[in-house]
Each structure stands twice: as C-alpha cells, then as structure tokens.
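Protein chains: 4
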Amino acid sequence: MAQAVKLAQNVQAYRLVEKFGIDHLVVSESKPEPIGHGQVRVKMHAASLNYRDLMIVRGEYNPNLRQPTGLVPLSDGAGEVVELGEGVTRFKVGDRVAGLFFQSWLAGECDEQKSKSALAGSIDGVLTTYKVFHEDGLISLPAHLSYEEGATLPCAAVTAWNALIFSGGLRAGETVLTQGTGGVSIFALQFSKITGARVIVISSSDEKLARAEKLGANDLINYKKNPNWEIKVKELTRGRGVDHIVELGGASTLTKSLQAIRLGGQISLIGVLSGKSGEINPVPILMKNVCVQGIYVGSREMFEGMNAAISLHKLHPVIDRVFPFAEAKQAFSYMESSSHLGKIVIKIA
Amino acid sequence: MAQAVKLAQNVQAYRLVEKFGIDHLVVSESKPEPIGHGQVRVKMHAASLNYRDLMIVRGEYNPNLRQPTGLVPLSDGAGEVVELGEGVTRFKVGDRVAGLFFQSWLAGECDEQKSKSALAGSIDGVLTTYKVFHEDGLISLPAHLSYEEGATLPCAAVTAWNALIFSGGLRAGETVLTQGTGGVSIFALQFSKITGARVIVISSSDEKLARAEKLGANDLINYKKNPNWEIKVKELTRGRGVDHIVELGGASTLTKSLQAIRLGGQISLIGVLSGKSGEINPVPILMKNVCVQGIYVGSREMFEGMNAAISLHKLHPVIDRVFPFAEAKQAFSYMESSSHLGKIVIKIA
Amino acid sequence: MAQAVKLAQNVQAYRLVEKFGIDHLVVSESKPEPIGHGQVRVKMHAASLNYRDLMIVRGEYNPNLRQPTGLVPLSDGAGEVVELGEGVTRFKVGDRVAGLFFQSWLAGECDEQKSKSALAGSIDGVLTTYKVFHEDGLISLPAHLSYEEGATLPCAAVTAWNALIFSGGLRAGETVLTQGTGGVSIFALQFSKITGARVIVISSSDEKLARAEKLGANDLINYKKNPNWEIKVKELTRGRGVDHIVELGGASTLTKSLQAIRLGGQISLIGVLSGKSGEINPVPILMKNVCVQGIYVGSREMFEGMNAAISLHKLHPVIDRVFPFAEAKQAFSYMESSSHLGKIVIKIA
Amino acid sequence: MAQAVKLAQNVQAYRLVEKFGIDHLVVSESKPEPIGHGQVRVKMHAASLNYRDLMIVRGEYNPNLRQPTGLVPLSDGAGEVVELGEGVTRFKVGDRVAGLFFQSWLAGECDEQKSKSALAGSIDGVLTTYKVFHEDGLISLPAHLSYEEGATLPCAAVTAWNALIFSGGLRAGETVLTQGTGGVSIFALQFSKITGARVIVISSSDEKLARAEKLGANDLINYKKNPNWEIKVKELTRGRGVDHIVELGGASTLTKSLQAIRLGGQISLIGVLSGKSGEINPVPILMKNVCVQGIYVGSREMFEGMNAAISLHKLHPVIDRVFPFAEAKQAFSYMESSSHLGKIVIKIA
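In order, the protein sequences belong to chains A, B, C and D.
If you count the first sequence from 1, you need to add 3 to reach the numbering used here.
If you count the second sequence from 1, you need to add 3 to reach the numbering used here.
If you count the third sequence from 1, you need to add 3 to reach the numbering used here.
If you count the fourth sequence from 1, you need to add 3 to reach the numbering used here.
In short, the hints are calculated from the structure, not lab data.
Some hints here could point you the wrong way.
[What the hints assert, rightly or not] Derived DEER-like restraints, expressed as beta-carbon distance ranges: (1) C/GLY242 with B/GLN116: 28 to 36 Å; (2) B/MET290 with C/GLU307: 17 to 25 Å; (3) B/MET290 with A/LEU223: 25 to 33 Å; (4) B/GLY62 with D/VAL96: 50 to 58 Å; (5) A/THR258 with C/GLN262: 30 to 38 Å; (6) B/LEU223 with C/VAL30: 35 to 43 Å; (7) B/SER314 with C/PRO327: 44 to 52 Å; (8) A/HIS319 with B/MET290: 45 to 53 Å; (9) B/GLU115 with A/ALA352: 38 to 46 Å; (10) D/ARG241 with C/ALA329: 54 to 62 Å.
In this text, a Cβ means the ideal position worked out from N, Cα and C, and glycines have one as well.
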C-alpha cells in the first residue's frame, strides 16, 4: 500500500511516442507516482547510453518480442534517494545510488522471471527526472564517483566484469582481446589491467587506439589496416592465441575470434551490435575446446564485487561526452555516429 | 634406446593407400617395430569406429590441415599388453588396456602439443594387430568389460563424460537433451541416467527411440515427425528449456538447440557430423547467458573418473554390430549408412 | 501496511518459557498476527527436528550469541497457504509449501544479513499452528510428498544437497562416506545414490547399518567394533581414500576423517553435534590438499535444484517417527536418546 | 638406457650424514651420474630455502614417514641445461630452468604417485653442483630473472599462486590477509597486488611491516602489539572480514583466522611452521561457510600460469640474503633465526 506522496514537483521523462526513431523521443510531464512498500524515490542526476538503447529506440531490439512504444528509454542511471516507502531498510534519504539493469537479478543464476526485469526493455527506463525503484533494484555508488560516472556502470561495466572476472575467472598474466572502444570494451580494458592481464585492443581508428594505449592497452591493432587481425594476434602471442576475447561483433567477427583464441580459451559473446545472423563454422569451437559464453549483463552480487574493485582502485569510467537533458536526442545521434570512445552520458539534473 | 624385439609375428594393419575413400583401405604386413624406453607393445583385440574415422577415410576431416594418406585408421582400440619396454612402471604383461584418444593429454587443460597427439589424425591409429604405445598413452580396462566393449571408450565415451560430467557438472534432477543415437549420444544417455538426470532423446527413427527408451530415456521425440522439436522440448520442460544439450548437428541444429536450452544452460558442441558452416544467429547465446562449450574428447584423468563410474555401475557400452578384421571396410560402409545405434566395433583378434 | 486479518482461529505455538530445557516448552495461544505486503499466512501441518533444535532448547547453541528464550522452536516445517498479503505473486491459496531455513538466502552467496534470517535462531520458528512468512521465504513442495515428508527438507536435506552436490560437485563413480544415520546422513546417502556414487556408512549400531544398506549403502562399518574405521575405509578404497566425507562429528572425528579422505578430497563440515573444541593436527589438511568446507544449510536456489531431483526420482525422506503436536516434548526427548534413523517429525494438524 | 656421460667434472653435493641437524650437513664429492632417456643434466646455479627444508634437516618433517638421512637437501633450485639425454624435446643445452617441487605433478589433480615425487623429501634435492632431472620435471625461467631469483619459485611462489589465484580465484577488489613475511607471504603479497586485491599483512616486527608496505601492502598490523589482530581486521573491513587468508600458523592462529575471515571466505592452509596439533573449535568453519583449503605447492601447469604473470609484470622475487655454497649451513641457521623477509638463497656457482 502506497505512502502519501511527498514530492511536489512534477516528473519529466522522455518517451517514444507512437513510432520508433530518435525523432519520436518526446519529453512528457506527469504527476509523481506514489511509492509502495519497499520502494524508494530517486531524483535522477545522470543516465548513460548503451548500443541496446539505440536499437530499442530504432525498434530493432529483440525482434522476437513485440517491443512497445511509449516506454521511457535508457537502462543506466544514477541519482539520489529522496523519499522512502514503508519497510525500506537498505537506503536512507540522501544516499547516492544506481539502478540495476535487471531490477530483480540480485544473486545466483538468472531465470525467466529475473530476465524480464530489464529497465527500458519491457518496463520504463531512467531518462526521467524522478524514478521509483524497489530498494532491491538499487546499489550504492562508489564514493569517489560523480553521478555521471556512476550512471555508466549498470549495463556496460557489469557486463565486462561478468565476462572477464565473474564468469571468465581472468588471472594475472593472461591475455585479453577487446574489440573496439565502446563502453564494454573500455571497461574490459580497465578491469583487465587491474587484474594484471595483458590487453590487446583492436579498433578501426588509430586515434582511438592511441587513447586505449593511454588507458593501459599493451598491444594495438588497427583492423582496417590489418583485416587479418587474427593472424597478428597469433603472432603477438607466439602462436598460442589469447585467453579471453570480449566479442562484440557477433557472427561477423566470431569466425576471426575463433582463430585468435587459444585452445580452451573463453569468448564472451556480448555484441548485439551486428545483431544479425551470419555464416559461422562451429568446428573450431569444438576442435579448440573453446567456451563461447553468452553474457547478458549480470546480478547485483556481481555489481557489488565490481564496485569493491572500482572503489579500491579509484577507477574512473571513461566518459566521452556529456549531453544536457534537453539534448538527449543528440546523445542518441552521437552514438549512431560511432565516433565515441567509452561512454556517452546525459546529465539530467 | 630400444629393447630387443621379442615379437615373432608380423603385424597386419589397414592403411589408406594413395587416395581417400573406403575402397582404398588396404591391409599391409610389416615387421614388428622395436619398443623404446617407457613403451609397451599391445596385441590389439578390438577397435571401434567414430564418425571422425569415416571423415578421415573420406579425406573430409579438418580441411585446414593437410591430411596425410598412408596412416592406419581408427583412434579407439583395446588389447593386451604383450611386451614392456625399459622403464615401464604402469603396466605388466597381460594387462588389459585401451589407448587414449590424445596420447599425451594426461591431465589438466589441453594445449597445442597435446592436441597433436590424437591417434589416426597425424599419427597411426589402431586398426592393426599389434601397436606400440607409450605407457602413459594407455589406461586399464574396467574388469567387467570385454575387449569389444573396452574399444568403444576412448573417443565417444570420454567425449560424453567430459561434456556432461567433467565440464558440464551435471546434477541429479537436471534435464539433458541428446541428439540422435550414435556413440556419443548413447553414452551421454547412460552417463546422464547414472547421474540421476532426466534425458530427452531426439531421433529420426521410432525404432531407435524405442531402443533409447529401453536404455532409460525419459522422453522421446521423432524430429522427422516433429520438425519443430524445440517447441516440444519447451513443453516437456514447462517452458523452461533443458539444462544441457549434447549438440551433434553443428550449425544446422544449433539454432533449434538455442531455443530448447534454458537460460544459463550449457550446449556441449561435439558434432563434426555436419562439419560445414551454417547460418547462426548468435543473439540467443547472449540473451540467454548460454555457454556453448566445445568438447574435443578429454584427458586420461577424465577417462579414469569415467572408468570408476563404469566399473561401479557395471555399465556396458551399447554395441550395434561387430565386424571381423577382414571386413573392416564393411564396418565403414555400415557407419556411412547411419543405421546403427551405439557403437560399431571391429574384432581384430 | 497490513491487510485485514481474515483468520478467525487463534494460533497455538510452543515457546521456551523463561528457562532453557525441554520441560520449559509451553504451548501458548495468541490472536493471529496481521499479514503485510508480500506476506503469506501458512497453516502449518508438520515440522521436523534437527539436532540444532535440541541445542537451542537446551541453550547450548551458538554460545557466542546471547540466545533468547521465548522463541518458537524448530526451523523446518511445511503447510498450506491460507491467506495472501498484498502484492504476493509466487503463491496462491491452497499451495503446499515449506519454509526456507534462512528466510532471506534466496540465491548466490550467504552474507551477514542473510545469515541472520534463520528460523528458530533469532526469529520465531515453525512449531505453531499458523505462521506468517514473506513469500520469498517459502518454496513449493514436491507433489509426491506428504506434509510430514516435506517438513524434513529445509535444513537437513538442503545441507546434504549443498555439501555433496552444489558445493561438492559429486560425480558418478566417486565414493562418499557418511557418519551416522541422522537426518543429514540419510539424505546424503539418498542424494549420493541417485548421483551414482558409492556410499560407505559408519555407525555404532548394526541394526542401523542394516537399514542403511536397504537404502542403498554399499559398505557398512560399525565404528564401535572397528574404532579404527579410517583404516577399514582405506582398505575399502584400495588405499586411495574416499572422495567426499560428510563430517558430522566435529573435532572428535575430523582427525580420523583426515586419514580416510583421498588426496584432494572434500570434507564437508556439518556437525555441530559435538560442538566443542578439540585437538586437531591440521598438517594432513595441507599435505593432502584437502578442502574442509563448512556447510551451513543453503539457499533457495539450491533447494529448488534439490526439489527437482527429489521429484524426478520420487524420493521419499526417511522418517523415523511422527509425534502429535501435543507430544512435541517427547519428540525432543526422543532425539536426545539418539535412537532414531532419519528424521523425527511432529504432526501439527 | 643411459647416454655416454660427457660431464668431466665431479659433482659436489651437501648431504645429511648419519644424524639430523644442521651440523651434520656435509659436502661430498661423487662422479657424475649417467643421464637416461628423457633426462637432462642441469648445472645448478642457485637454490633457495623453505621452512620445510629446515624441518627436514632437523628431522622434524612429516613424522609419520620414516625420513631418511643421506639425502641432498633443498627442493628449490635453478640452473642451466648442460647435457641432454636421448629423446629430450622440451629443452636444449643452455636453457635456463628451475626444477618442479613435485617432479611428476605436471597438471590436473595431485595423486599418491605424484605426491611422492617431491624433491628433498624422499628423493635427492638440489643443493648440488649438478643434478639430473627428467625433462618433464623442469620449467623455463622467466627471462628477466637471475638464477638466484629463479631459485625462489618452485615451492614458495607456486604455493602462493595456487592458494590465491588457481584454487582461490582471487578477484580485483577483494581483501587478502597474509601472516608474517616469509617466502610464501611475500609472494602472496606480490600476486595479490598484481591481481588488484587489497592486502593486510600481520607481523611481529614494525620494521618488516614497513618493508611490506613498500611492497604494496595496504594495511599493516603488528600482532605483538595487537594480539587480538582479528578484531583489528574486522574493523579494517567494516565488520565484514577478509575474503582470503594465507594461513601459515597452523592450529595456533587458525582460531583467530576463523574470526577474521568473512562468511564464505577461503583460508588457504599452508603453514607447517607450527606443525603441531592444537585446540581448534571447528564450529566457525561451519557457521561461516568457510573453505579451509590445504595447499601443498602445485603443478607445472600452475607454475606456467604463474611464470606468465611474473614475466608480464617483470616481478622480482624478494631475496633477503644470498649465501655462498660454502656457507650453506649458515643459510639454514639464518632461517632458524627468523629474521629474514622473503627468501634466503644459496648461490651455487
């Protein structure tokens, strides 16, 4: 049963109106919703974009499901607790929090029910000035991070952490290959470095590779100049191949990754970037004892482990550019242009 | 340095002469080879066929590598130790043994060097009356098994064990799907049953399904009659999907398997049966957190664990038909016809 | 905020009044408590005893903590959902359920907060005619089990499952040693058997050993007649030792277990039976690469996996004796006498 | 069969003559032994001491076994390949190598036979000018290490690597506690730091703590000044406890470690330092779901993973002092004094 609403201000939120496409994102205003048992109202300060968000806005995401219009976009956001529902024990007013990508994947394995709790998928996302969360769907921000930085964590960072650290069991001295310089790749680079691994980054841009090098990348390959980058990777590893690949290209690059991976290595399959079917010869998966592990973000338990590492190392997420709330559409267009390195953020308040 | 050769008899072995194809398998006779330090001479009593052997004979196996003609075929065989080289400690004359598929994958992870020690791949196989092994490349047969039964274990049984038990961590109460009724599938069925799992078998033949049921299969699907078997599998599991799939169809069935698997399940990719590239949409791997684990046989350590289980349960491999040594070609042709259930064996002596 | 109370009947519950000791268990009657958001009222039909319950009643449990009197005893119970609070989605009226031992350990690792949610520890237990649970703290009973049988699962069965299957990764063909024939031991025997393991049971009673044999135990040792049972265990395993030990004796038997375990084996430490300090030489833990794994029940996720196995195998918990609600004290005294095999149950209604 | 001996020089080796005790270590000279099939002669350049070596010389090691006198002491040494036996493929003359602690634990799990192959236990150790190894019992040294540094790796470093990285699965952001500043502790500190963990070091000496801090230790506790160091550890971790403890004190400190560890944490039991029985209350192991994992060095596979990390990070083992071959006894006495931090090395040639 809902507590009386204390919030005076109205809520402003972007929604996809009637049709898909960036142009159909419109700000609407509404009365604050009541907060129920165990719920918390958060004043959103920042949100960040993932490629998934662009696909959702374009109507290209998960074609199996009927994707609704009308939803608030963006899964990743951070803000401040401003009001507590009855029975809340995890937070107090003033706490700095981020929302979980999967609101109900708290620990253990994912299941059907948890998988349906993704923000901005079938329920409203965070591109809004205020949002009501169940307290279980929030996590405290590391103290040294700004709201803009905290807003980058829920999807991209947890995905990279799950792929390499939680599921991948990365060890110091191993070699990781990351593809491109988007959000997941740059977090994968950062987490690999603090774990003591060697990192090979491939990208189509020398300028981006130079920036990756500053972030600690050990080896750089421009795959436009070296279309057979998998051969270069084998050379860099004395013919052995790399231990882990953060695979973002889908079917299109998986064939090359299967050449670049070592016997018994792990390819973490993340990329919905390409999103389409492709010709794959699965024989190398078998002949090389490779594990192709699908990684779809992760649980709050993983998020907590990741935050401990981020806090200990005073790690700062790499933000490419921050757009004001009023220019949210430009943020989507900027992501479309693929010119960013790291995360694109929208400052809400 | 080699010990004096005690063996009086000549050795008879099949070899692929000049060209690929079953018709080019010819028996040749040669003097017994000397046995060196740590080596053991085995009088081969039986060998068994895997689909890989048929591909090798046809010249279709691993097209990346230049596959040589002239090799003795078949990786899986069992026999009796008849002579010991200097320094041998693991065996004595009279011991009943099988050869490892990978002669030097004893324990731990596979690596480049171990992966090159597969019998009948780049080194001679076991379709021969006598064969010299390094003692490390042999394992004792479970006492209750005949040589014909023991000869079925090295590739198909170890593959199924690795997929489900060693790598897969199968638990009682979980559900396994196996495709078809070849050697790996039937071992997967047997190992799943002793581990307390539920097994769904799909096959194109009602008669084979009936035999699988006698071996303990809980649910049977004729995929010719139910081409959308993945939907049937979802129904049988109340919409949840199965925990493990022993995938033998390669690209052609993987797409359906990705529908039939549960969130977070494991698909053990084994089948070189199709062996060709195919259109795969990798998105479900990601969205369902699936692990697609390539399984290429396994180590002696896994073989030992498997033998302990086979011994405890007095498990008998399922042999479809035994051919005499003189009719080895017919055995290959019989495999080609795909009418078998379980293993095809050649009795050597 | 609480829903209106529909329950007309008063609640009858045992409580420890003022002092510790079985004699101080007294039935008290109270008005039904209101049910809040997400809560469920369960009409309790049966409860079962664990040794922990006896220690709690005696005031011997966890001497570090100030243990309160006044609590309702027993952690394990089963019943029927009779009333739903607001927002409940997991259950409907009429569902047959058991309560989780740790009300908030749903999945993943245990933590400080979850560890404080054990029933009958610092919060009321289940020896009551009605009890209000949060819906997350309940699990559906396997359909083939009676309430009496279902009431045996939450502590003893989940502990055995966690020890051997979830944490222990038991494989078919491995050997398990269980100590005694109490609740955990008998479940360990049953779960080992469906997983295809060999089981050695040690007990002080030939009669109990005979009953364990009927339940599938492969080898039996009377440790009164064979005080050096660890030597017998080594013989039974050809000098190798067993793969897993379900250790219930604490310091007093751990030294022998460290002789009986194989190199690299796992000893699941469960027994608070002895509960006291003892002289241990930790060197064998080190020299044999042994894992001594503390097991304190487990999560709902483990419980669900266990229930799937129990349902598939139509497994029935072994109940030694059922006492009526009015004779609950006799049930405690009976446990004190140590003459039971399997579980002691109290039928509530 | 042995190759002709090419080595002209005689071999000088320390041996324990007739009685135990440092004073009974005597250099003896002998003709070079022949090298057999698969063997390699190594000119030893350096050896290092472990506490086990001191116990062996004192006759205090593994009292269960009849420990022989007459053996060459020290398990850890490094040198140069000077001669190859027949059939050697892993090394060539001139290669820089270290010997494995367990000569035949190459990969996978340890077993009875592998466990009997420890150098200086039941077979001769490395305090000798030349030694014949089977090629499988050697590993290449990281290129940036001197022989003195390489000689520190086989026991202490592999033990720390196995405890924290291989078995322990340490993750960035976790907290490790190491006890003292001996060889294993300092390697544990170094490996924890490159893996991104936080490290708490306890020691009886402020001066040693200051040196540990220079090596990266995050928190320092003098356990002489803070005998209740476990309380301090809880404070440093906000009451949660540490994730991993490298336990070197045996029974004497294990009780405190069980207070300092977090719920579900791992205590790697390593210390034969105390070596004696002690009073332990095992209840906290159970109540906290702790894993007490015995760690007895490790396999070549682990050593290879560790060397990759050491090479990538250009890590240098911490050597306290180097003694010349002629002063080997002083090296043992120096270890007895416990005044060292890191490793004590003997330069052989």
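So, going through the hints one by one against the coordinates:
1. C/GLY242 with B/GLN116: 28 to 36 Å: 33 Å, holds
2. B/MET290 with C/GLU307: 17 to 25 Å: 22 Å, holds
3. B/MET290 with A/LEU223: 25 to 33 Å: Since B/MET290 and A/LEU223 have Cβ atoms about 31 Å apart, the given range 25 to 33 Å holds.
4. B/GLY62 with D/VAL96: 50 to 58 Å: 42 Å, violated
5. A/THR258 with C/GLN262: 30 to 38 Å: Taking Cβ atoms as reference, A/THR258 and C/GLN262 lie about 54 Å apart, which means the hint is violated.
6. B/LEU223 with C/VAL30: 35 to 43 Å: 54 Å, violated
7. B/SER314 with C/PRO327: 44 to 52 Å: Holds, at about 48 Å.
8. A/HIS319 with B/MET290: 45 to 53 Å: 30 Å, violated
9. B/GLU115 with A/ALA352: 38 to 46 Å: Violated: the Cβ-Cβ distance is about 56 Å, outside 38 to 46 Å.
10. D/ARG241 with C/ALA329: 54 to 62 Å: Violated: the Cβ-Cβ distance is about 48 Å, outside 54 to 62 Å.
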